[in-house]
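Enquirer: Residues per chain, in single letters:
Protein chains: 4
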Amino acid sequence: MAIDFTLEPELIELRERTAEFVRSVVLPAEEEMLRGPGAPDDALRRTLQRAAREAGVFAPTVPEDLGGLGLDLRGQSVILDEAGYSLLGPLALHCAAPDEGNMLLLEKVADAAQRDRFLKPLAAGDVRSCFAMTEPAPGAGSDPSQLATAARRTDGGWVLDGRKWFITGADGAAFAIVMARTDAGADTAGGSGSGMEATMFLVPADTPGFRIVRHVPSLDQGFTGGHCEIELDGCEVGDDAVLGAVGKGFAYAQVRLAPARLTHCMRWLGLARHAHDLALSYAAERTAFGSRLGELGMVQQQLADNEIDLAASRALIREAAWTLDQGRSGKHESSVTKTFTAEAVGRIVDRAVQVCGALGISGDLPLSAYLREVRPFRIYDGPSETHRWSIARRALRGIQGASR
Amino acid sequence: MAIDFTLEPELIELRERTAEFVRSVVLPAEEEMLRGPGAPDDALRRTLQRAAREAGVFAPTVPEDLGGLGLDLRGQSVILDEAGYSLLGPLALHCAAPDEGNMLLLEKVADAAQRDRFLKPLAAGDVRSCFAMTEPAPGAGSDPSQLATAARRTDGGWVLDGRKWFITGADGAAFAIVMARTDAGADTAGGSGSGMEATMFLVPADTPGFRIVRHVPSLDQGFTGGHCEIELDGCEVGDDAVLGAVGKGFAYAQVRLAPARLTHCMRWLGLARHAHDLALSYAAERTAFGSRLGELGMVQQQLADNEIDLAASRALIREAAWTLDQGRSGKHESSVTKTFTAEAVGRIVDRAVQVCGALGISGDLPLSAYLREVRPFRIYDGPSETHRWSIARRALRGIQGASR
Amino acid sequence: MAIDFTLEPELIELRERTAEFVRSVVLPAEEEMLRGPGAPDDALRRTLQRAAREAGVFAPTVPEDLGGLGLDLRGQSVILDEAGYSLLGPLALHCAAPDEGNMLLLEKVADAAQRDRFLKPLAAGDVRSCFAMTEPAPGAGSDPSQLATAARRTDGGWVLDGRKWFITGADGAAFAIVMARTDAGADTAGGSGSGMEATMFLVPADTPGFRIVRHVPSLDQGFTGGHCEIELDGCEVGDDAVLGAVGKGFAYAQVRLAPARLTHCMRWLGLARHAHDLALSYAAERTAFGSRLGELGMVQQQLADNEIDLAASRALIREAAWTLDQGRSGKHESSVTKTFTAEAVGRIVDRAVQVCGALGISGDLPLSAYLREVRPFRIYDGPSETHRWSIARRALRGIQGASR
Amino acid sequence: MAIDFTLEPELIELRERTAEFVRSVVLPAEEEMLRGPGAPDDALRRTLQRAAREAGVFAPTVPEDLGGLGLDLRGQSVILDEAGYSLLGPLALHCAAPDEGNMLLLEKVADAAQRDRFLKPLAAGDVRSCFAMTEPAPGAGSDPSQLATAARRTDGGWVLDGRKWFITGADGAAFAIVMARTDAGADTAGGSGSGMEATMFLVPADTPGFRIVRHVPSLDQGFTGGHCEIELDGCEVGDDAVLGAVGKGFAYAQVRLAPARLTHCMRWLGLARHAHDLALSYAAERTAFGSRLGELGMVQQQLADNEIDLAASRALIREAAWTLDQGRSGKHESSVTKTFTAEAVGRIVDRAVQVCGALGISGDLPLSAYLREVRPFRIYDGPSETHRWSIARRALRGIQGASR
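Residue numbers (UniProt numbering), protein chains in the order written: chain A, 1 to 404; chain B, 1 to 404; chain C, 1 to 404; chain D, 1 to 404.
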């Protein structure tokens, strides 16, 4: 009933438990992973998730009736930040992309049968999933209206054709949520986008015609199942594969996007916080030119800028989380928050690397791995440019979400 | 009891009333002032404050028993933002610096007699005041421990000697709150600062030996009474002039500083919001190269960055206000917020000028005046460098206020 | 015949002479001006120019046969930087805008009669001039194709109608170079700009129908004759008023623009250098927190960034000056240089203010005046956005001027 | 004899030849390497160097009497930029770090025997070398005075003990240039640095007691021989291992540093230019929101900023190269240039990644590899903070290298 930043005692308790779990269980696993393969496999995922379940910190974003902790976005803003303190934390707690966003979407849109078949095993961590929307040029990238993958109506079903790209977690996923055009123009190549309609389909990975072409090599490496290129070649699915209603694909994408954007911010903010803590520790110990690094003004400036960026990101995230928790769309708030946080997180990790010098770029600290992981966040979930474009247009239309 | 950004209905109502008052009464007065003298005089102040009283928006920060609206800092964060939409709004509502901070300080520290003599007429808007702490080099600037003004004990009183500088509102003020050394070293020139003790004195402006030497010409011009240089030359005051306890000057300065810093942020954020609105209006109407300005990507980028800076500043301010409202010192939060907001406000007004082009630097819009007014905020109330220094040191000591 | 940054001995000698003249004659005059009216009047201009002539530093950009020093742009890059060390230096040396650019234009385009009547007295400093191109919205601003002022053909002459805005130096100028449309569409209001043709006219200030409406109040104040709004209302001129050929106005504007842009950079760079020197001096003397300011890392960072910005601006200016001296258009180089330098100069002066703290924003140093003077440079001579637009388009067309 | 940016015809011809060689031979090899191991091995190095020799572009920095092209630094600024267009270009042309700097140092300091034994085979590309100065904490990092590796005098020789870190190219190098303390305090642990003297030693890699402990994993991967940790454990060398004079180590380090810093700038600038060209090509072709990317303002802004950063870096590099070619120390110029260029290169590659979106972070373009390679340059060869510190101190001492 008034501006309040108080955290409920149970949430504080859960935060402490999560922090302790990340410290004692997840960070050691991260260290081992970074010395080794660089990416977590499903075996590691299962091990960590089992431990999280035992620690009572499993599935913070999942509704209680599906076995999760049922936190709203404000609660998630606290817990996912703790999880994000390690690259593996979100995976361990089962609140990592893309499963976390997919569970949210299915919870809101799936029918009872789809819920049983797809959502329940996903929520339990028995399987993984992927979200297949992005396409290679000239298909759907920043501009979803360039969607080229098409679903053609057949008797009692659909045939999907197209190519998807940078589909996170695809390798090993039990199923994909595939976005495809279902308007009249879908049968013709290179539709203009006007009058475009899209639909989401639930496609099990073993459906004939659904094929993982390759892992797209990427600057970041931390997602289980990689970023894959997928070919849909005469891929037939039944009517029961339609997620929600035909033609509502873009609307459902919006349902998923705003909160998924925020949970990304929460997780990466935690990682940035970790990077900052490493820089603080180093600056407090390492000496140069007769001083502790932390006594040198230019180092202090970077540490202070990190504190400022952390505080501003967190305050924006919490306000946006509250907005969505009120049932409002939060499009403007989540765009503002995502743009700021993605850039702030990049700055923070970059400064942490700089403060730590040669150690910062070495593999002896996880900072250079963090640097690689966070860079793409300025591009996915809407590049900063696209968000700025929509923020400006909204402001010009007089909505001016931020002006009060 | 949980993260909440809801505003109470009465606060929303007061905000609307304030906004309407600023729009209909204050902005026209601002326009006239900017065409004319550039600074508000006391006659204008009285006229505006009378109107504010009639509109029920007078003295939002003043306790109700002193005739004000008695808002806490969270409430102030909403109302002072509206007041700040015009350069003259805070003056009109009687929540401008330095009186606003002085009232807060007197409310907390003054004894009953001082309350009657100094606080009551000040709270009523009958008189103005000033806060005389800053000194010309080599005295107290960013580093208060260089305080050179000294108070020497006499029978039943004190003699003050020294020079103050950039004392806002001094010309026309009924009294000054003067900070002076009262330690043993106060009698010697150029004390080292070690073992320094300072005391605050309430000095009526007509006290012999208290003299306004000159108005220091300054980039900003919007404060009634200017920024003055003051000479204290054998200025005798009684024991009743001591504000609070002898030797507690630095502690009281802290009492004043954190909230005063925040209310500055609130007011300037309102001005930045106005600058942004002017840029939005211009971009929506002016055409160049065959487009509305607002359709050009580089203009959109500036407008979006303004939205982001406004949102982040506001979220930080509200969190810091809440922190102080909880009775916590909020030193870290107010430093973080002040540093970010002072720089953000500068960026916002600068971008607004740039978007408006030649019109932006002309006097046909108030933007160039706003640019001048906000620049010094990166220096007063602690320069950004000093805040970053203390933010970093606090983080290094492990307090890490921002890290959660 | 190879990359060389050597300055000829005569140029070094002239530089030293100029520096000495600025130090001993011009800076004292600047100080007096800033304490007083804020802008130089013609009496001051004449006094200073007389002194410059005596010191042998008058008119560095003017050809020798017109009484100047006849420097090429590389030479100017050295001397105008010295002149610019004071706000009044360019005026004193008679290399200030807009006269400097107008002399260049007349030298290249004027016929013999115009040369005698307009260029000679201008080159001698007997009169001032202005360049009337910019118009208030919706006329020609960043986008010259929105030119609305029209010249209608009559028997033996032209009638000019329109409104000009932000015309620097207009008040007191003996004549204006007026840009007006002369295509068929010129008679109709609000032409589309397609098929637009423009012509330059030499209009004595006492021509009937030529009227200075007002001084446009502006953030900057340092130009003699202010920034004026001008009305052309049935203003009749003869055919001999046409500068160069009818219809070549935009081409001539280009002739003037690239070098005029560079000389602006040179002058403002000098001023930025002065600001930096003031910050260095202050940082070397003022103490805070037990150190000289100059020993504090965050201050050092600002000083170092100033050195870097000065060096990069200067190197870009010299390369662009050389390019133009080779007879090449230098459009790309001058756009790159202008964009970088205008922003660098702003940053440098801003940092100097910040380093000097309260003194920096006070009138006790000229820094706050400098801050006001340099801000508009990011807007005039092409706003940064317009330059970036043309730089990017040129790069995309494969010219890629900067890539080697 | 005057400011001149003309390139001699032979240099232009060599540049074209180099560019053609890089395009046709080196870039294909780079592509293959990036798809494969990520780092070039010695076999690849030999193949490429053979091709370079045949193309007449081998060893541009090596004196002609040693079989190189004998370019001065200005010439190098042109050719190394072309070489740097590919990650493998400098290796192919035998002008990559650390060999390039080591050859320069040996050329200046080695005696005749050392020249025959070490420099000649190195100049011919028959062997590789490394420069062993940096140490893990608490040894010599940014602050060379923390040098902990010690050389103890014995009869007819020296015994070296210590640990080196991040020694580029060590694995596979025929010899190392090892920096060690040779002052009295060298025998005691943790010397204070006062009165410290250092000496350089030429240590063949097969010397007993010289051991490569490990490859330090690093964000960048493009250097043959990696970044290694080296242990010197009772490593005995003769008096003939002393490079130059005993006790002159720091002075020789300076001899190497300023030019080595510049050649780093030249090479990385070429890589940044390549990144920018990739972004230009992508922006010219890819469409989004109904436009080519290159028509969108926010993309244009990034492309223009790249052009500006490229031009400013290049101009600074050329001026600094000229300064050193004049026989001046160029400490200030090379610090300014290194600081600006290292940051500019980082910005350019980062913007190129952003413009290319998902493709930019994928391995389908080399951009993400480039991003990794350039980041450490803000740290090695002096972190930006150390350079800014020395730039500021030099400016404060009144040398003010950049102010003219």
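Derived from the structure by calculation, the hints contain no laboratory data. Some hints here could point you the wrong way.
[To be verified] Here are the simulated EDC-like cross-link-like pairs (lysine to aspartate or glutamate), alpha carbons at most 20 Å apart as the crow flies:
hint: 1; chain 1: D; residue 1: K331; chain 2: C; residue 2: D206
hint: 2; chain 1: A; residue 1: K248; chain 2: A; residue 2: D111
hint: 3; chain 1: A; residue 1: K331; chain 2: B; residue 2: D4
[Said to hold, decoys possible] Calculated from the model, a selection of chain C residues having no Cβ within reach of chain B, i.e. all distances over 10 Å:
hint: 4; residue: A2
hint: 5; residue: R17
hint: 6; residue: A19
hint: 7; residue: E54
hint: 8; residue: A113
hint: 9; residue: D126
hint: 10; residue: D143
hint: 11; residue: R153
hint: 12; residue: F166
hint: 13; residue: K248
hint: 14; residue: Y252
hint: 15; residue: E285
hint: 16; residue: D364
hint: 17; residue: R378
hint: 18; residue: P383
hint: 19; residue: E385
Treat the numbers as computed from the prediction; the structure is a model and nothing was measured. All C-beta atoms, glycine included, are put in the ideal place defined by N, C-alpha and C.
Enquirer: Of all the hints given earlier, name the ones this structure violates by number, lowest first.
Expert: 1, 10, 12, 15, 16, 17, 18 and 19
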